[in-house]
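Top line first, the protein sequences correspond to chains A and B. The first sequence stops at residue 619 when you use this note's numbering, and every number in between is there. The second sequence stops at residue 1073 when you use this note's numbering, and every number in between is there.
Be careful, since some hints might not be right.
What the hints assert, rightly or not - Computed cross-link-like contacts, DSBU-like style, restricted to lysine-lysine with a CA-CA straight-line distance of at most 35 Å:
no. : chain 1 : residue 1 : chain 2 : residue 2
1   : B       : K808      : A       : K567
2   : A       : K519      : A       : K379
3   : B       : K825      : B       : K808
4   : A       : K567      : A       : K394
5   : B       : K808      : A       : K519
6   : A       : K394      : A       : K379
What the hints assert, rightly or not - Reference listing, derived: stretches of chain A covered by chain B, where coverage requires no fewer than 3 residues with Cβ under 8 Å from a Cβ of chain B:
no. : segment
7   : 368-380
8   : 405-418
9   : 587-594
10  : 597-607
No lab work stands behind these hints, which were simulated from the structure alone. Keep in mind it's a predicted model, so treat the numbers as computed, not measured. Just so it is clear, CB atoms sit at the ideal spot from N, CA and C, and this is done for glycine as well.
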Amino acid sequence: MSAPVAVSERALAKTAGHISRRAIWSRIVIGACYAAGALVILPLALIVWHLIAKGLPALSLSFFVNMPKPVGELGGGMANAIVGTLILVGLGALFAVPVGVGAGVYLSEFGRGRFSATVRYTADLLGGVPSIVVGVAAYGLVVIPMGGFSALAGGVALGILMLPTIIRSTEEVVRLVPQSYREAALALGAPRWKVTQQVVIPAARAGIVTASMLAIARAAGETAPLLFTALGNRFWSTGLDKPIASLPVTVFDYARAPYDDWNRQAWTGALVLVMIVTVISAVLRLTVKRVIPR
Amino acid sequence: MKAARITADGVYRGALGGAATLVFFVVALIVFETTRGAALSLQKFGLGFLGGTVWDPVAEKFGALPYIYGTLVSSTLALLLAVPLGIGTAVYLAEIAQRRVGAVVSFVIELLAAIPSIVYGIWGFFVLAPWLRHTIEPWLIANFGFLPLFRGYPFGIGMLNAGIVLAIMVVPTIVSISREVLLATPRSLREAALALGATPAEAIGVALGAARPGILGSVILALGRALGETMAVTMVIGNTNRISASILDPGATMASIIANEFTEATSPTYISALIEIALVLFAITIVVNALARLLVLWATGGRRASALA
Chain A
326 MSAPVAVSER ALAKTAGHIS RRAIWSRIVI GACYAAGALV ILPLALIVWH LIAKGLPALS
386 LSFFVNMPKP VGELGGGMAN AIVGTLILVG LGALFAVPVG VGAGVYLSEF GRGRFSATVR
446 YTADLLGGVP SIVVGVAAYG LVVIPMGGFS ALAGGVALGI LMLPTIIRST EEVVRLVPQS
506 YREAALALGA PRWKVTQQVV IPAARAGIVT ASMLAIARAA GETAPLLFTA LGNRFWSTGL
566 DKPIASLPVT VFDYARAPYD DWNRQAWTGA LVLVMIVTVI SAVLRLTVKR VIPR
Chain B
765 MKAARITADG VYRGALGGAA TLVFFVVALI VFETTRGAAL SLQKFGLGFL GGTVWDPVAE
825 KFGALPYIYG TLVSSTLALL LAVPLGIGTA VYLAEIAQRR VGAVVSFVIE LLAAIPSIVY
885 GIWGFFVLAP WLRHTIEPWL IANFGFLPLF RGYPFGIGML NAGIVLAIMV VPTIVSISRE
945 VLLATPRSLR EAALALGATP AEAIGVALGA ARPGILGSVI LALGRALGET MAVTMVIGNT
1005 NRISASILDP GATMASIIAN EFTEATSPTY ISALIEIALV LFAITIVVNA LARLLVLWAT
1065 GGRRASALA
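Let the sequences and hints guide you as you build the complete structure.
See below:
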């Protein structure tokens, strides 16, 4: 099936004995739309190409398992940053997944009234808050009371960023559970909470996991909220009350450093980051089709 | 009489509702923390903070105008580039391309929207900046240098670079929502236009007219993203505190000044001034997003339940 406009374009080409100004103008407009599409894809393709061309050469096992070397020594890896990112993202998920899934299920199963509409709208607004502002809030909330930068503060910031995505996508996937499941369970005499907990949620489990993973993958790429919460660390650290390295912040520092070797590693770090984020997103989107709003 | 009984259903619903209520709590927390952190600066500089152009940590004098200006200019540039391209692409995907091609291309574009902003920053800094410095900006200066807009020195980094990188970053938002809004308009609109003898482009114009509120919503949503975008801009804008008419000159945005100076800020007033910038940015993006989401919801008739970018 193709759009009516495309069909008509072909018909126009066939019947046009003499071509009017309007028809020429139409061709120009349609051509401009093709050009716009190409111009949008081009920079995105260029970014991916440069990322691979500049990042791949330094990508090796050593990058994943070694620590950063002191300035001046070549080589080394970002093992601490990769582990740090996993810890930070895990901390964020620990807070955001239960709350987000709970809220999402509520909106889907009980969300009819004004309260739910307000929750939805607020969640969308929270999703639009710049991540740097969330970082500032986490600074005031965690860093100041704890007296210093910490992994915990970074985790809180990432959790806040994950929350709106998890809520809205969970609601979306739970809604996809056929109404007949609920009706059948209710007809068998099950109370609402059992219907939700034992029928609806298990039926939507794959979708809920996908929704959460997508949000987590997104958060793994965030840099701004970590700058003054988790800070960064050149050394191995897994303590939750201490500054911790993360892949995005390390990439940022390495990219700004005046050393060629660090710049090269920044590209490799960026490549690894993109692989983590997009591979997870792509696989999830393709395996569990039509479960995520976008 | 109906007694307040505690039932299993009530408890379950209450627990889930409690989780939903936490959303308000989180937003309130952000408001509270940024306001509390900015209190010192608010008290010291008052409204003059927004109009002040001096940013001197040593003398403890702070004004946010250059950063507000930089944010507005870089975002405007981004929209000038992204809006025509984004709408053109959305029209291509929704009206011209075969459904399957359209679906594949939109999938790729949305996937690319998931690329972390630091990656765009690195690309802008190492790839785009040298190209602008050696090719584009000298050409602009030679041919359009008589305009204040293109006066100056080809730095490579600056407002122009930030605008281009931001445009690349926000264009997927415009494309995917505009495409969806266009697909939501009735097919009969085009068919009626074509039956009346309209050319294909004129039929598309009719569909675009019907989709206008939703497309406007996508543009405002993209604006919200551009205003708050931090890392990519921080890497390519140059971070200098000045207001210049030329888009070739370096500048700074509200987000980039926070990212750049927060950890270096030593005095309480300095930190408070940076937090006040975060508060201003927060207020601006909330207003912009609230507007955009209302428009998108209205235009899609609630079909696109979530407008998360």
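Return the numbers of the hints above that this structure violates; sort them in rising order. Hints 2, 5 and 8 not satisfied by this model.
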